[in-house]
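Below, each chain spelled out in residue letters.
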Amino acid sequence: MSGFLAVLAAIPITLLVTVGAFIVGFILALGLVLMRRSKHRWLSFPARAFIDLARGIPPIVWLFFLFFGLSMGAIKLDALQAGILGLGVVSSGYLAEIFRGGLLAVHRGQYEAGEALGLSAWTRYSKIIAPQAFKAMLPAMATYFIGLVKDSSIASVIGVKEMVFTANQYARQDAETGIYTFFLAAVIYIAVSIPFAVVARRMESKLQESGAR
Amino acid sequence: MTETIAETQTETVPKGRYSGKVDIGLKTPKYLVELAQVSKHFGSNHVLKGVSLRVKPGEVCSIIGPSGAGKSTLLRCINLLETPDSGNMVVAGQYVDLGKPQDRRALLSLRRNVGMVFQSFNLFPHLTVMDNIALPQRRVLKRTEAEAKEHGMELLERVGLADKADSYPAKISGGQQQRVAIARALALEPKAMLFDEPTSALDPELAQEVLTVMKEVASSGMTMLVVTHEMNFARNVGDHLVVMEDGAIIEEGDPEQIMSDPAQERTRQFLAAVINH
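Chains H and V, in that order, give the protein sequences. In terms of numbering that gives the first Met the number 0, the first sequence opens at residue 0 and continues consecutively. In terms of numbering that gives the first Met the number 0, the second sequence opens at residue 0 and continues consecutively.
Extracted from the complex, chain V is given alone in its bound form (with noise of 0.2 Å):
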């Protein structure tokens, strides 16, 4: 692999954040997910304008910001569910530069390494529970049915849902459907997980059932990215917060910090928006 620096494109990086800048070299490296200037545009509309971002193993990192801000989309972009214009990155160990058409085998192997939780859960309707969980871990870690389903009986008991295993989707909860969701994530045994405003289709308390589940599994050791409007998840379970805007990071760092004294105007606006609704 030949050393790649996206730094020719001139975004003015405010002093102490990540400029940009991939470590390829490092054996092992400090960051499981490293973004540099990730840029992206949908039509004319531009949405990520040089995002750079290093998560490190083990770290929770909350991504917060008005909508419209590029979270979604800057997460979509690191399972390449999006397919950004330019930039490139580093995760769990793979380099993939983003200005350029993927093969399919490195794709394939970046999501296996990324497992990835929706908004809107997308369990597999026609598929009970349990096969949800089953069908992935047999055609991509080539798991026999029965290690399959053993391992998804572990998953499922993790969660709380062993007694849903035979249910349809339909069937259960939405808050129910986003831990098979986040079970069916986890039996792939990714090195990191993306979180994708996984409770605002929640009502409170179910949303509350999700988040429980998500702190323990932030608790085993995993590295997660969470796109959130729950700032006491960002506060309490993350370990660095980051806020966009505009396509943009325009602050980053420790969440306490940030939510007791925001460094920026528009940081202070947002979160009093969102605290005091």
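Extracted from the complex, chain H is given alone in its bound form (with noise of 0.2 Å):
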């Protein structure tokens, strides 16, 4: 019982994992895609590269380098910090050509009619592309974060106190009532996600009657 209890305790660990990495995904996805578009090559040569880097490690090497790696050197990060900044770092990867996705959907007209009327690459890109673009991308969006709920249990190997860390700690203790202690947690997985998928898709559904084209 008190494994159960443990594992619900433990559900804001696993949903801060979640949000941070996201946040630090999305902003360094956002410096990435306009670098990746550049037409200079000193800035998307090292774009493309860091992307490939991001997604072709697997996420848990990444966690490893920056938990222990690091901690050899002059920055220390602990579990959580490792955590959140390691699965950042691989939602970056893919966050960015998701991005590149939603940009290169919307119509080329979109960006010659904002030209045509003389206005600034700033407004053209905030007023007219970023809204359409988003609407593109929420989809892939919304996916991506769902599976970054469930990712967010690679955690535990540096020892992050999230859902599995937890449960697995009552398994160790017991084994033949542990096992339900990873149930419970699977239960609250899909608990999660699903509202996070109903909420996606009621907003691709407003996005969608406001303008669909």
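Because the hints were derived from the structure by calculation, they are not lab data. There may be inaccurate statements among the hints.
As the list claims (entries may be wrong) - 30 Å max Cα-Cα, derived DSSO-like pairs, lysine-lysine:
{"id": "1", "chain 1": "V", "residue 1": "170", "chain 2": "H", "residue 2": "38"}
{"id": "2", "chain 1": "V", "residue 1": "148", "chain 2": "H", "residue 2": "205"}
{"id": "3", "chain 1": "H", "residue 1": "75", "chain 2": "H", "residue 2": "149"}
{"id": "4", "chain 1": "V", "residue 1": "48", "chain 2": "H", "residue 2": "126"}
{"id": "5", "chain 1": "V", "residue 1": "148", "chain 2": "H", "residue 2": "160"}
{"id": "6", "chain 1": "H", "residue 1": "205", "chain 2": "V", "residue 2": "170"}
{"id": "7", "chain 1": "V", "residue 1": "48", "chain 2": "H", "residue 2": "38"}
Predicted model only: the values in this text are computed from it and were never measured.
Using the hints, build the complex out of the two chains.
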């Protein structure tokens, strides 16, 4: 019973890792996609390389790098920080590509109309392109976020006390009943994911209503 | 501004036609749009072969010709949606050396003077009709929201769409979208308007309502450059007709004259094909 309560109590940590990593990834991805789309190779190449590394190296390896690797150096991250940063780096690679796809989905005529009207680059992107790109990339972004809720469990390997870590602790203490704590964790993951999916779908249909093409 | 004349290229220019010399010294320029020896490549494809063209204030200049002739590219060079390789131009008093990269301010001031209407309308789908017209005014002319909307409403009435102000572009017909696009461009009070095949994406009935609006804009004294396949518009509304073929102007002059008795055999062929289709 105490195992169940402990797993429930770990929900906030799971959400913290998920949301934290998503925010870190989102901010990094904004910079990456701008660099990636640049005409200058000295900007686009490093962005492309970073994106490939972020996606190509398994998340668990990123976490080991950041947690054990960095702690040998000057910067010392605790498990939670390393977990958020590591999953954030991984997320930035995926999100940058999602953003890029969203920008490509905006019709070329929209960019041209903005230019022909004499709108500044800032206005073109913030008022014309971004809202349309956001609509195009919302499904992919929602899917990634829901995936990240579950993938946050990887942070347990470096000792972040989220749900799976906690369930695992109890499973080790009592092999017979311990498995049920994992079952509880599974139910909670589903219970958290479904509302997000519903919210995303609502947002989508709302955006669809206003100015579908 | 120093006088730079792009006459170094030795294109043969038919007699009586403008050879490509930009008058920069004139205090009150005779022409609102002057292009001199505008040249453009897409890769190895020479799409504009030193085109020169002059359009007087208030004139409606129709540009016709077979597809691939470079008509749209020429139009898009005027507001620098395409970057020509060389040539120069004066648009509403602003001199532009086309061979050089343009700085941001020159580009914005050029585009402020020149409105454009696209074949595919290019309204912003996530904004209402009114916001499509109001947003550029607020950003480019720094009008307040109330001013922009008041002005926007006047223009919507002018194009007969005041009742669609709160609709989204997807909810109105193509012809209505194009009329909104014309209102959006007019809202910035341009000195010249570029129309890039404005009715090609519309069925004839909807095209007609757009042409009616364009005719009204023309009669208000707007300088217009119109790439079109609407021969009736070119003939009845247009003041000047330009025939392009293979990246060059092959014939230009009075629309009535050219259509009834073209000087070039190629023009004759083209006209026969489009009029009898």
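Exercise. Looking back at the numbered hints, which does the structure fail to meet, lowest number first?
Worked result: Violated: hints 1, 4 and 5.
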